[in-house]
Amino acid sequence: TLTNIGIHFTANAPGSAGAADFVSTVDDSATAAAAQAATAGNADGDPADANSLSVTVFAGVSPTLSTVVAAPPFVPVDGVTVSTITVTLRDSNGQPVAGKTIALSSERGGVDTITQPASPTGASGVATGTVRSGTVGTAVITATDTTDGIALAMQPAVSFNQGVVLDITKAAGRKEALLGETVTYRIEVRNTRATDVVLVKVDDQIPPNFKYLQGSARLNGGPAADPTGNRTLTFDLGTIPALVDSNGNGRADPGEPGYLVLSYQLVIGSGAVPGEYTNTAVARDVCALCVISNRDQAAVSVVMDPLFDLGTIIGKVFEDKDRDGRQGPDEPGVAGAMVALDDGTYALTDEYGRYHFPAVTPGQRMLKINLNSIAAEIAATTGETQVVSITPGLLAKANFGVLHEPRSTATIGHPALTGVSVGTTSQTEPVDVTGSLEAYFVLINGQTADLPTTDVRMGLQTLEDVVELKDERLAKPIEFQIEATRPEDVESWSLIITDSGGQPIRTLHGQGTPPASQSWNGDTDDGRTIEGGQIYQYQLDLRYPNEGRSSSPPRLFGVNRTTAVSLSLSSGAFRGRSDELSEKARETLKRAAAAMRKFPKEKILVEGHTDATASKDLDMDLSRKRAEAAVRYLVETEGISPERFIVRGYGSTRPIASNETEKGRRMNRRVEVNERITERGLARMRERARTEPQVRINESAVRIDSDGHFQARVSGDDLRRIPIQIISGDGASVRTVVPIPRLEVLEPHGEERLAYGARGDGYRVFDAVDDGPRDPGAPILIHRLLGRT
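Numbering-wise (the numbering used here), the sequence shown opens with residue 4 and increments by one.
If you're looking for bench data, these hints aren't it; they were derived computationally from the structure.
All residues carry an ideal CB built from backbone N, CA and C; glycine is no exception.
Treat the hints loosely; a few may be bogus.
What the hints assert, rightly or not - For lysine-lysine, the following DSSO-like pairs were computed, each having C-alpha atoms within a straight-line distance of at most 30 Å:
1. K214 x K178
2. K628 x K593
3. K606 x K587
4. K619 x K606
5. K587 x K628
6. K324 x K371
7. K173 x K214
8. K593 x K604
9. K606 x K628
10. K214 x K324
11. K479 x K628
12. K371 x K400
13. K587 x K604
14. K606 x K593
15. K601 x K587
16. K628 x K604
17. K173 x K204
18. K178 x K204
As the list claims (entries may be wrong) - Distance ranges between label pairs, derived from CB positions:
19. I649 x K619: 42 to 50 Å
20. M307 x Q430: 41 to 49 Å
21. T172 x D492: 24 to 32 Å
22. E663 x K601: 23 to 31 Å
23. R651 x P79: 50 to 58 Å
24. K479 x R706: 46 to 54 Å
25. T388 x G339: 15 to 23 Å
26. Q430 x E354: 20 to 28 Å
Please construct the entire structure, taking both the sequences and the accompanying hints into account.
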């Protein structure tokens, strides 16, 4: 009889991941029946169940090796900007775990909006979600593997801060202070927004060896809690009220909501040494790096106390007749003698020979007497220098004895001869630079300087040229005419074309001499074509040797489109004196809408006009209503975007015919629909083309008078060239270096003394009559000069 038996296997925790078969044998030891081996892959003979001898061991998700990262960690509290939460699941071997569902949560709950990962972890073990919030604070994010019920250990924080919304001003109550003294600091905090700023803290990085004075904090004059921290003091200000600008000056002032003032005191410790000490303050909200204001500093100089920290040197200079180094009763003081200290300061003795140095830094200090300040042939009996030891708060003395020592004289050399002295000296005269922006010239010492100038125009037309665009292409290429004063010296050239926002759209360039004419087909650098209804600017830039540069005035051109939308609805387009469109008007507007769709970026100007048969107010109202009716049809029926339309009603102020006749009045009752080129774009580019005139000579700015004239004087011992930069009011500019001629005498070099009647290589001295020339106009010397320029 066969008996079914059930066997249950258990195993210890696996040591590693993997897959393998195991073997089992069933032996009925009570009988002689042979042992039966289990069948691999189907333990019980039932292929429908999961009983198998193949066992697969998986390594589970490791909560410590898995990572959760928030980027960026600081997010504006606007309810829109998000921080991306990236979860990476790894097993105990550090390998990615796929197919797990991740749930994200914030400890703040519903104040944070979390977008959960859209799918389980992929092959790399990664799943991502986002978090955003409209509530100031820090959200701690938890990620949970809901498939296995495992919460990951890493919990990143996302700080939702308010942005830079405060303005702070920091000042110290004094500029200088002594050791041990107290300095009061004041920080003004101003809200720049019309909403409250919450959770405000001020961090103040104080200097080393400065200590906070407990209980000194004041907020708006009242006691405030002491700050936390040591070198960085953190003051908790709480909420700064919304700005209420009652005086209309654009900022919060004392007494207005949105203004707070914080003050506190620091004590200068004994470890501070003389010098300047600066501390910096900044406001933040929910985290140490969540800055919500500018940074401002205040500096205090620590100085030494002249009474207790510094010393004084006193002394005398006297006539030491007996050379004993001490002043006797018959040894008077020497007036006007100079005694110098090792820091470069000096003192002159009074009528009794006395001098002194106050406020001397302690330590070993050297003094020296200037014997030449007394008289010739003076010697020091005590030595020319002395070293004294300065102790804080005490006096030190240093006396100098001097004695007159006449020296004997001796005669050397040959007998004196009468003659002339010949010598050369080098003298560089200042250079006068004058000029005019209107005439665009510069004079160097009255001589015209050669300035490289350039200009470029579209053909021979005016400043605001107009080109035609037909079927999205230029009707004909644009020809730029180029002029340059020194084209042969040009190293490279660039013709730059920019849009109304000042962004370059096309740059034509080359090396060497620029062409007299440059053609352009209207294509931009990125392969597009210039747009109809737009304003563009072009300017030529030339580069010369030695960093020379010249730019033409920026010039403008507009682009017209021959396929622009243009139609007029006459009085027959409306029923009577109403604003109701007729069927004919609807058909006309429908055709216009087809053209508008071809050019979706163009602005459309819709203008309503009437005759003068009614009052001005009624005419104005009817003209605008008819224009609005045309726009309403184009928007609601034809689907044209309403943002493209500009509606204006002119009433009877712009007639195109006489209102005295019925025919003229019918012509004046109309609605015009036209493509619009804004004058604002042209005006803005004209404004950008106008620049503030500037002149810089030798790298220094020069004043320009009301007539556009300027002048400067440049001097220097080795003045060989002068850099000149000119920017005119129309935007033209030039930068060049003007060489300055020099005359240098090489021979004779130094001084030569030549006797009367002497001759030599390159010179002759005439004989003197009675030791000098008889005729004051007669030549004394002929000498050859050798030099260079």
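Against the structure, the hints come out as follows:
no.	hint	result
1	K214 x K178	holds (17 Å)
2	K628 x K593	holds (19 Å)
3	K606 x K587	holds (24 Å)
4	K619 x K606	holds (28 Å)
5	K587 x K628	holds (18 Å)
6	K324 x K371	holds (20 Å)
7	K173 x K214	holds (18 Å)
8	K593 x K604	holds (18 Å)
9	K606 x K628	holds (20 Å)
10	K214 x K324	violated (59 Å)
11	K479 x K628	violated (41 Å)
12	K371 x K400	holds (13 Å)
13	K587 x K604	holds (27 Å)
14	K606 x K593	holds (17 Å)
15	K601 x K587	holds (23 Å)
16	K628 x K604	holds (25 Å)
17	K173 x K204	holds (15 Å)
18	K178 x K204	holds (26 Å)
19	I649 x K619: 42 to 50 Å	violated (22 Å)
20	M307 x Q430: 41 to 49 Å	holds (47 Å)
21	T172 x D492: 24 to 32 Å	violated (54 Å)
22	E663 x K601: 23 to 31 Å	violated (41 Å)
23	R651 x P79: 50 to 58 Å	violated (40 Å)
24	K479 x R706: 46 to 54 Å	holds (47 Å)
25	T388 x G339: 15 to 23 Å	holds (20 Å)
26	Q430 x E354: 20 to 28 Å	violated (43 Å)
The structure is inconsistent with the numbered hints 10, 11, 19, 21, 22, 23 and 26, although it conforms to all the rest.
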